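A.B. asks: Read off the chains here:
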Amino acid sequence: MQRRTLLISATTAFGARLAGARRANAANPFKVGFVYVGPIGDLGWTYQHDQGRLAMQKELGEAVSTQYVENVGEGPDAERVIRQLVSGGNQLIYTTSFGYMNPTERVAKASPAVEFEQATGYKTLPNMAEYNSRFYEGRAVCGAIAGHMSKGVVGYVASFPIPEVVMGINAFTLAARKVNPNFQTKVIWVNTWFDPGRESDAAKSLIDQGADILAQHTDSPAVIQTAEARGVFGFGQSSDMSRFGEKATLTSIVDNWAPYYIDRTKLAITGKWKTDSVWWGIKEGMVQLAPWGPSVTEEARAAAEDSKNRIAAGTLLPFAGPIKDQKGAVKVADGKAMSDDELLKMNWYVEGVQA
Amino acid sequence: MTGDILVALLATVVTSATPLLFAALGELIAERAGVLNLGLEGMMLAGAVAGFITMGETGSDTLAICAAALAGAALALLFGVLTLTLVANQVATGLALTIFGTGLSSLAGVNFTGRTVPALPALRLPLLSGIPVLGPLLFRYDALVYLSVVAAAAIAWFLKRTRAGMILRAVGESDISAHSIGHRVIRIRYLAVLFGGAMAGLGGCYLSLASTPLWVEQMTAGRGWIALALVVFAGWRPWRVLAGAYLFGGVTVLQLYSQGSGFVAVPTQVLAMFPYLATILVLTLISSGSARSRLSAPACLGKPFLAPG
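Residue numbers (numbering that gives the first Met the number 0), protein chains in the order written: chain F, 0 to 354; chain U, 0 to 308.
Pulled out of the complex, with its shape left as it was, chain F reads as follows (with noise of 0.2 Å):
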């Protein structure tokens, strides 16, 4: 039995060397297969992977097939789907969660002759990539809007104290500070990715304690429900989530894998993929901001939109000296800049964050 899988496996190989690219037809579609870790209906972050997938469905057309696995834990589960993905003849793969990184780095050196896309973690092979977005250049935009709509105090409803959500944490109050240096972020940590009900609870209890707009970094459209029964302003994140309250959203950061997904699948059915890490941000249109709600005042919109173009014109860096810490020592000195990789280990608050 395993013989025989290694022998076909060998056998494909083979013959894709020897065909020297792989082209697809209608007849014969470049198979891509997609792991989820969460539900499609979650409206946020695995919603928005499966939007990417669609949209490079419809792009490509009959050349490719698409396939999907969702609610797939991040434990030895992916391990086995991504493995049942290869042996359906997948020939790109994208494992779109942090938690995947070991499994695809495992399955992939087992099966070279596939390509494996994964998402947001940091592990590349020679067919394995990395990809990313700059979720901060959203959320600086968003600050710029909080820092001149606010009377002061925002509420940030937040999931885990990872250096992501640190980032953007400090992404939105710097920019917030910028336009009202006593802005403070008061920051609440329900320790889950997808809770509604204590999602609203934490946005209940910011609202009680004096937010006046409430940012999160969950993925159900809570947060912004609240918001609109209660009267106060809000940020949707992942997708635009603007139904759940018309007046009380203010814009959505909006994650947009479409364009990564089209082009790196037609590298792929061009034999042309390579592997690579990239972290595409507002400038390559992987971050999005949904169209302003009617709420935004005239002010507010200006600012979003001068902090959205000169974000994508490299103008504008949101982590740029001089950036105090809470206790109000400089972390980082005027004329300098954070670097990628201090980003991805950030695990300190700017002023003006209570967490």
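Hints may be right or wrong, so weigh each one.
To be verified - One side only, chain F facing chain U, incomplete, derived with CB under 10 Å:
#1 41
#2 207
#3 271
What the hints assert, rightly or not - Over 12 Å on every C-beta distance to chain F, these chain U residues come out as not near it, computed from the model:
#4 114
#5 157
#6 205
Derived from the structure by calculation, the hints contain no laboratory data.
All values reported here derive from a predicted model rather than from experimental measurement.
From the three backbone atoms N, C-alpha and C, an ideal C-beta is built for every residue, glycine too.
Could you slot chain U onto chain F? The hints should help.
C.D. replies: Same frame as chain F, now just chain U:
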């Protein structure tokens, strides 16, 4: 000012306790009849999605609440057929029911993700809600909140003071004896399981209609399991279930508040653990001695019953 905060705090506690209270009370009845149904989470999700769909389609909260109870009871009926009629293992069937309910609710809700419905309106009880402090504190919630508290009282009364309640307990304590004096064990257990399912459905729909009026897959996020634990820690007593649900809700909300107020220098992971610890601790203490709590478990809990002869 502090009064306002207190009112807001209590309102949040109530919304976080009510779904647990419904589900745990229903499970309590099933367990007192000797049936262990681990499918709470699945039945809650079925109730949540059925309530939400009905609300979205008809706009009637009464119909939505009825649909949620029916959906929970329908899954419970399936559980009953498998475990009571076909005598399948209750633990395995209950776990399967959770998985089934999760999948079924996701499937049923596919076209409803992303839609919103108006939240259940608060009932402003005429005179009472006008009382200065007490009014907003106690008398301005939606109908389901009052229903859950009334249900706790009614169940306590039912189990202790009525003949039917005593028969139900007898079936849970010694099915053979109850059978031999002529009670229909299987029928009584069916009714208890169906009631448990309906209550779990109500708990689920509180989430999708009142607490966060939206439908997202798996939105119960483990509350079924917490409700299940509450029943055990409450020693199968309705008033303690009520106290436990409010205690759990209260400590959960307090830890969120204390983070927001910023004077707690404790890692948030410890704070997140705190509601569970506090609930276990208090309920262990009030059940006065671990032995008594063990003794108060219905003797036939989880055991299949086959009528002799």
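A.B. asks: It remains to establish, for every hint, whether it holds in the given structure.
C.D. replies: Structure-based check of all given hints:
Contact between residue 41(F) and chain U, as hinted, is supported at the beta carbon level, the nearest pair being about 6 Å apart and thus within 10 Å. Look at residue 207(F): its Cβ gets to within about 4 Å of chain U, closer than 10 Å, so that hint holds up. Checking residue 271(F) against chain U by beta carbon gives a least distance of about 38 Å; that is not within 10 Å, so the hint is violated. Remark: the non-interface label on residue 114(U) conflicts with the geometry, its nearest Cβ contact in chain F lying 8 Å away (cut-off 12 Å).
In this structure residue 157(U) is separated from chain F by more than 12 Å, as the shortest Cβ-Cβ distance comes to about 29 Å. Distance check for residue 205(U) against chain F: the nearest CB is about 9 Å away, which does not clear 12 Å, and the non-interface claim fails.
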